[in-house]
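Chemist: Knowing the structure of chain A, use the given hints to seat chains B and C on it.
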Amino acid sequence: MANVIVIDHLVKRYGATTALADVSLTIRSGEFIALLGPSGCGKTTLLRAIAGFVEPTSGRIEINGRPMRGVPPHRRPVNTVFQQYALFPHMSVADNVAFGPRRNRLPKAEAEHRVAEALSMVGLSAFGARHPRELSGGEQQRVALARALVNRPEVLLLDEPLGALDLKLRKRMQVELKRLHRQVGMTFLFVTHDQEEALAMADRIAVMRQGEIVQIGSGAAIYRNPASRYVADFIGEANLITCSVGAGGVLRLGSDGPTLPYRSEQTGSVTLMIRPEDIRVGTRDAQPEDVIIPVTLRDKAFAGSVWRLYVVAPGGQELAVHSGEAAEAEATTAGSELSIRWRRNTARVLTD
Amino acid sequence: MRLTTRTTFLLLVGPIGFFLLFFVIPFAQLVKESLFGPQGWTLDNYTSVLTDAYYWKALVDTLVISLLVTLVSFLAGYPLAYFMIFHLRSAALRRLIYVVLVTPLFTSNIVRAFGWIVILGRRGMVNAGLLALGAVEAPVDLLYNKASIIIGLAYILLPLMVLTVCSILQSIDRSLIDAARDLGASPSVAFFSVTLPLSLPGVVAGSIIIFALSASAYVIPSILSGGREIVMSMLIFQQYMATFRPDVGATLSVVLLVVTLALIAAYAYGVERRTRVAM
Amino acid sequence: MMIPEDYRNRIGRVFLGGIASLVLVFLAVPLIVVVALSFTTTSYLAFPPVGMTTRWYAAVLGDPTFIDAFVVSSELAALATGVALLLGIPAALVLARKSFPGRRLISAAFLSPLVLPTIVLGAAILQYASTLGFARTFAALLVGHVVLVTPYVIRTVLASLSGMENVLEEAAQDLGATPSETFFLITLPLIKPGVIAGALFAFINSWINVEVSIFNSTSRLMTIPVKLFNYVQFNIDPRLAAVSALTIYFAVALVVVIDLMVGLERAAINTTADGRAS
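Chains as they are written, first to last, in my numbering: chain A, 1 to 352; chain B, 1 to 279; chain C, 1 to 278.
Next comes chain A alone, as it looks inside the complex:
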């Protein structure tokens, strides 16, 4: 698979602040990749650097092998779907979508054809004569999409485009975008702070923190094998148990709790990560390799499909358990002693 974008040691500094601290990334042709992180992590800066609105302090960006240094936004083969849609209020929907083709001096017939095609792709064929102010948020977002797609860019850049939509609409648009991506076969680069969104849509996710990419991989891979506490905590819910490393590299719960069947080469303390949904209550059906820990129940809450149990392990650390076994969960009361267990290989030792 060809690399459509190569980002090499990209740095962006604004005076004393560093927005991007040595970012390197290759984006493969046709993939749907997400930049995921909290605000301020640099994901939008990276997207804008690719689009041409941010000039890097150092480093290289190449699109299809062409270096982009000094190339202004209007000459780059990428198009952006902006967070606030940025539809031109004084033009109709059709004129908005036709803007790119016209600037590229496409013959009139060809341009019209492309506009009709783009509008039908997003399901707004009848909306050509309307103006942006007459449209709902979801419709505006789709016009913004059409306006970008009509130019057939090498890469489509999406800057948190679903942020302004309500929950239901957002979920629907996520599916729509995935479908569009398959339909046009284009490369999509998507920026978001919503990890659920990234997991739902992207082929690959690049998790960012303070100007750096801390992990790249498929959603499932990152979820199962987070590289650090930060990633484990950011994606999905995680129990991060502080363990001390004892003799022979064997882990103990807390500083002096029971030993656990994990090893680490580090000294001092490490983090053991276990997802709440991977923890079971009780010892019935326990496997020989399962890790079993005695805990005290502090609180429980009903959440529809699961019971959330908040337990305290020896040594005082709190764990969250998502139990699908309603009967067992309901039987417990605050303060009661119980055991929790998990399959040994569902937990991960994290070094930071």
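FYI, nobody ran anything at the bench for these hints, they're computed from the structure.
Every clue listed holds true.
Which chain B residues stay away from chain C? Per the calculated CB distances, all over 10 angstroms, these: (1) 35; (2) 42; (3) 53; (4) 60; (5) 63; (6) 67; (7) 71; (8) 144; (9) 177; (10) 178; (11) 180; (12) 193; (13) 197; (14) 228.
Now the stretches of chain C that chain B is said to cover, found in silico as 3 or more residues with beta-carbon under 8 angstroms: (15) 97 to 103; (16) 242 to 249.
The beta carbon of each residue, even a glycine, is placed where N, CA and C say it ideally should be.
Modeler: What follows is chains B and C alone, placed relative to chain A:
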């Protein structure tokens, strides 16, 4: 939009060039003129002007008149602005009020001065009314004194004061007033303890500008003084058009400029503090 | 006896409404009075006007010196506005979109003619033009007026530009528009209200100005306001009222035009003394 350095330069060359040629340099020349005497650089012009009681009186009169003008505009303008922002519901009425406010701003000062001559003159509206009511037996001299100048200037600057106060009152967070009412304050207490204090910094800032404009005004004082009062701008005009003493004219101009700039600096400082406090 | 609160509030509101009305009457009366007087049949000015005639208007409209002054005023205002737009729009664009050291100082300098003594501006231009040899010419009047009215254009265009989202210009460039295409296709149409309001404010403020015009006027090169100014000092008769009334009608018409095109309240907010819109 990203503007390259080259584009920025090209865009600014015209405006900055024009302003340099026909604004900055003429003013600089004025300052230079005030510092020049027959033997070269000197401060004589300033010493002779600033030690002359006649000029001092004019300066003091200018400032006193301006202070009173600002006060009158405030006392008349604030209630109107408050009414417009907090009590007015009808959109049509609001538009009408804006028409009444802005139309005078689009008429020349001289026309407005003339209007006051008609109102305050011996054969004017007020005297006609007083005579008709039998309150006086002969027309009263209402015109050509400090009071008529103050009324005339207040008339010129009142729309500006109203618009300024409107803008400031509009920006006050209504929930603060609601909170006061909720806690038991009557409308007038809410006004004096919440609205007025919150609006005051901005209103004071705006009033400083109005003061400066009043001190610089020429037409109204010139027409309504009837030769009996004199303010700085009239003095300056005299030096250029009557006594042909451009050196004195320049000196007086610089004095007036310094006063105005000091006021603008005070205003800018006040705005700066206000935005910093608001953060 | 304690007046119940409800009553007190109501009285307070009526009182406030009363003051507001008085102030509005105060604003309107001088102009109404002038208009009323322009119809008097007497050949001197006295209130109330006697009878009703339009002969003063006829006299003024038939007077070649007034016609000449009208032409001078109009040409001056039109040209000054044109130059002000050519200078003000680029200046506002840079001030709104580019940060550079000294930006606030330059912005203040451009807007300063609004608060500095215009009488001093007039005098300075006279002296300067004298040394350069073009004093008391149309050109001298023009440059003074341009300096005087350009700030109005800058102020309203700046307000429009800051109200307009920067991201729209980015979107245009993202889609392939060059910077100048972006300006003419996107920016300019969207700042139209600011440009129109600025042009109208510039025009009217040039038209009605006295302080800058008097210094460079001559008996043959005079604007209407200067002519009125001279008139008032020597010769108060109903013709003065007629000319003044004509300018008042024009002012009312302009206010209505601005209200219809841009919205008076929105345009008026740009003229507040604390400069918040800029």
